[in-house]
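Asker: Please construct the entire structure, taking both the sequences and the accompanying hints into account.
The residues making up each chain are set out below.
There are 2 protein chains.
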Amino acid sequence: MMNETVVMIGAGRVATHLAQALRERAGLRLVQVYSRTEEHARALAERSGDAVWTTSAEAVRTDADVYVFSLSDDALAGVARRVPANDGLWLHTAGSVPMNVFRGRARRYGVLYPLQTFSRDRSVDFRRVPCFVEGCTAEVTDEVRTLAKRLSDEVHELSSVDRAYLHLAAVFACNFTNHMYALADGIVRARGIDGSVLRPLIDETAAKIHRLTPREAQTGPALRNDRAVLNRQAAMIIDPDVKRLYEEISRGIYAERLKS
Amino acid sequence: MMNETVVMIGAGRVATHLAQALRERAGLRLVQVYSRTEEHARALAERSGDAVWTTSAEAVRTDADVYVFSLSDDALAGVARRVPANDGLWLHTAGSVPMNVFRGRARRYGVLYPLQTFSRDRSVDFRRVPCFVEGCTAEVTDEVRTLAKRLSDEVHELSSVDRAYLHLAAVFACNFTNHMYALADGIVRARGIDGSVLRPLIDETAAKIHRLTPREAQTGPALRNDRAVLNRQAAMIIDPDVKRLYEEISRGIYAERLKS
Numbered sequence: 001m002m003n004e005t006v007v008m009i010g011a012g013r014v015a016t017h018l019a020q021a022l023r024e025r026a027g028l029r030l031v032q033v034y035s036r037t038e039e040h041a042r043a044l045a046e047r048s049g050d051a052v053w054t055t056s057a058e059a060v061r062t063d064a065d066v067y068v069f070s071l072s073d074d075a076l077a078g079v080a081r082r083v084p085a086n087d088g089l090w091l092h093t094a095g096s097v098p099m100n101v102f103r104g105r106a107r108r109y110g111v112l113y114p115l116q117t118f119s120r121d122r123s124v125d126f127r128r129v130p131c132f133v134e135g136c137t138a139e140v141t142d143e144v145r146t147l148a149k150r151l152s153d154e155v156h157e158l159s160s161v162d163r164a165y166l167h168l169a170a171v172f173a174c175n176f177t178n179h180m181y182a183l184a185d186g187i188v189r190a191r192g193i194d195g196s197v198l199r200p201l202i203d204e205t206a207a208k209i210h211r212l213t214p215r216e217a218q219t220g221p222a223l224r225n226d227r228a229v230l231n232r233q234a235a236m237i238i239d240p241d242v243k244r245l246y247e248e249i250s251r252g253i254y255a256e257r258l259k260s
Numbered sequence: 261m262m263n264e265t266v267v268m269i270g271a272g273r274v275a276t277h278l279a280q281a282l283r284e285r286a287g288l289r290l291v292q293v294y295s296r297t298e299e300h301a302r303a304l305a306e307r308s309g310d311a312v313w314t315t316s317a318e319a320v321r322t323d324a325d326v327y328v329f330s331l332s333d334d335a336l337a338g339v340a341r342r343v344p345a346n347d348g349l350w351l352h353t354a355g356s357v358p359m360n361v362f363r364g365r366a367r368r369y370g371v372l373y374p375l376q377t378f379s380r381d382r383s384v385d386f387r388r389v390p391c392f393v394e395g396c397t398a399e400v401t402d403e404v405r406t407l408a409k410r411l412s413d414e415v416h417e418l419s420s421v422d423r424a425y426l427h428l429a430a431v432f433a434c435n436f437t438n439h440m441y442a443l444a445d446g447i448v449r450a451r452g453i454d455g456s457v458l459r460p461l462i463d464e465t466a467a468k469i470h471r472l473t474p475r476e477a478q479t480g481p482a483l484r485n486d487r488a489v490l491n492r493q494a495a496m497i498i499d500p501d502v503k504r505l506y507e508e509i510s511r512g513i514y515a516e517r518l519k520s
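Same order as they appear, the protein sequences are chains A and B.
Residue 22 in our numbering sits at position 22 of the first sequence; the count goes up by one each step and never skips.
Quick note: to get our numbering, add 260 to the position in the second sequence (first position is 1).
Hints should not be assumed to be uniformly reliable.
Here are a few chain B residues that face chain A, going by a calculated C-beta distance under 10 Å [as the list claims (entries may be wrong)]:
#1 Gly338
#2 Val339
#3 Arg342
#4 Ala345
#5 Gly355
#6 Ser379
#7 Cys396
#8 Thr397
#9 Ala398
#10 Lys409
#11 Asp422
#12 Ser456
#13 Asp501
#14 Val502
#15 Leu505
#16 Leu518
No wet-lab data here; the hints were simulated from the structure.
Glycine included, every Cβ here is placed at the ideal spot set by N, Cα and C.
Answerer: Here's what the structure looks like:
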């Protein structure tokens, strides 16, 4: 296994975390990094032993075993068209891009979607990152699954269509959740209160749904449809967009309750 | 300290958790429980040693040291009017009710607001629950602070007005966040995927803001204003209310980014 080689196409957060896991956990050797941005390509190559870097998709070498495309969704198809055809296993890591973006460009291709949010300065234990795999044939799917299992203890096969829904759910669970944190932080900061007082509440909110469904875990004035509090709170919000969000999410919480 | 007595007015989740902490951490003796609902009053009294229970606010005894009102916001003022006047320290635990709900009813009164979400079946380490206190005089404030410090390592003095904003922030950080989990869970469940695959992502989203501000922690298509993904995802959502939320929260994330 130790002589398997990988080329990273992309050098952003997902690429950087995945490259590290591919080296340290799966034992692959990173031989080349492509990024449109020289600084990013060089930074990832330098932290990866003897890898070289390039800013030219056409200069990607053709003799590697695995090609991992970790690019923004809109860049992916264009770069995939410019990388020279080869016999390697082509994988992308995007939630909302169908596997067949590689069709006609590679013979063996698939998807390895790690469902996690990656930050520049936080290391992530890849064993605990659910990885969703897909391959262009049953044989390739097996190959991708085998590779993913060297990274993570939680590997699932998933179609491109279902992966798109999973990605949509991840936007709610991560980005939208984080936006709720940002709005909460803004409200307390405007009163001179440090946003860190909210952390135990945020932690417990996340911890609760390990035991309860989100519907069971819900509390608060919207769930009780406590109009006095709801009206008083809405009136405290100055930003009209945030006020509308407050009202719509409160309605949504109550609507969810009525369904049960 | 061990002979201090407390009456709980209310027997819901906050009352139950707080009663336990007042007994086990602060060493108070719970002597009586009032709840409009006999079943709740009896349940809390029974798990609290030799406390008696009542469903009549007028029957609340007058010789206790501390009276803790843990009621829904709209019930609080009415019950406070019916509890017989006495010389005890009256406290409520509500985020959005001003301290002066007790004015004219008690001589020594204040607020002890624990900022946490409590579930029936999850125990909470009260030492880590930020508690926000207020008193009708400087002397009473000291009394409430002293009591709160026997429960929690994190006690802050806060005015009624600021507490209302903190409660509003808590609604975003907890209830609205949990609604995002519920929507995410609904999206994956509709595809036959178990919602538990989202948990590592949810946990990491919460953990990130211990190191980064929510604004720094943000990722995803809305932040990049990646229109192709945003349009594709919006089109996948059937429920018009959820679709509108998707679009408004996405706009909010991008607007937050433009502010920086």
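Asker: Work down the list of hints and note, for each, if the structure agrees.
Answerer: Here is how each hint holds up against the structure:
no. : hint   : verdict
1   : Gly338 : violated (12 Å)
2   : Val339 : violated (15 Å)
3   : Arg342 : violated (19 Å)
4   : Ala345 : violated (25 Å)
5   : Gly355 : holds (9 Å)
6   : Ser379 : holds (6 Å)
7   : Cys396 : violated (21 Å)
8   : Thr397 : violated (23 Å)
9   : Ala398 : violated (21 Å)
10  : Lys409 : violated (16 Å)
11  : Asp422 : holds (5 Å)
12  : Ser456 : holds (8 Å)
13  : Asp501 : holds (6 Å)
14  : Val502 : holds (7 Å)
15  : Leu505 : holds (6 Å)
16  : Leu518 : violated (13 Å)
In summary, the structure is inconsistent with hints 1, 2, 3, 4, 7, 8, 9, 10, 16 from the numbered list given earlier, while agreeing with the others.
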